[in-house]
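Q: Sequence:
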Amino acid sequence: MQFVRAIISCLTTALLAAGHAFAQGNNPPGSGPILGAVNWVRGTMEGGIATAVAVIAVAFVGFMMLTGRMNWKHGITVIIGCFILFGAATIVGGIQSAAQVSAG
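The numbering of the sequence shown is our numbering, which starts it at 1 and goes up by one.
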């Protein structure tokens, strides 16, 4: 089960990174449908539905940790995952700016 979660996490991060990278311009010819799909996934994962799910997940994990039913390590993993999900665009922007500084 953890392997599946890791794969989904990696794919999500790749899709969000690809959407942010394509949004910078210089899109190759024929990338319109792919870019549209990636932007849809990004919008869905950063939109209101994702925010509501993340709030419910953090509240549930907090309650489970408070009552001693969940290991702290697993609870912190969920919370860090939410930070990475909603901060993906900022993280990718920082990586791109660091790459531009070191390349130029």
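Keep in mind that the hints were calculated from the coordinates and are not lab data. For every residue, glycine included, the Cβ atom is placed at its ideal position computed from N, Cα and C. Heads up, a few of these hints could be off.
Label-pair restraints from in silico Cβ distances [stated by the list, open to error]:
1. I95 / A52: 26 to 32 Å
2. G30 / H74: 38 to 44 Å
3. G36 / A59: 32 to 38 Å
4. N26 / G94: 16 to 22 Å
5. M70 / P33: 24 to 30 Å
Q: For each hint given before, does the structure comply? Return the numbers of the non-compliant ones in rising order.
A: 5
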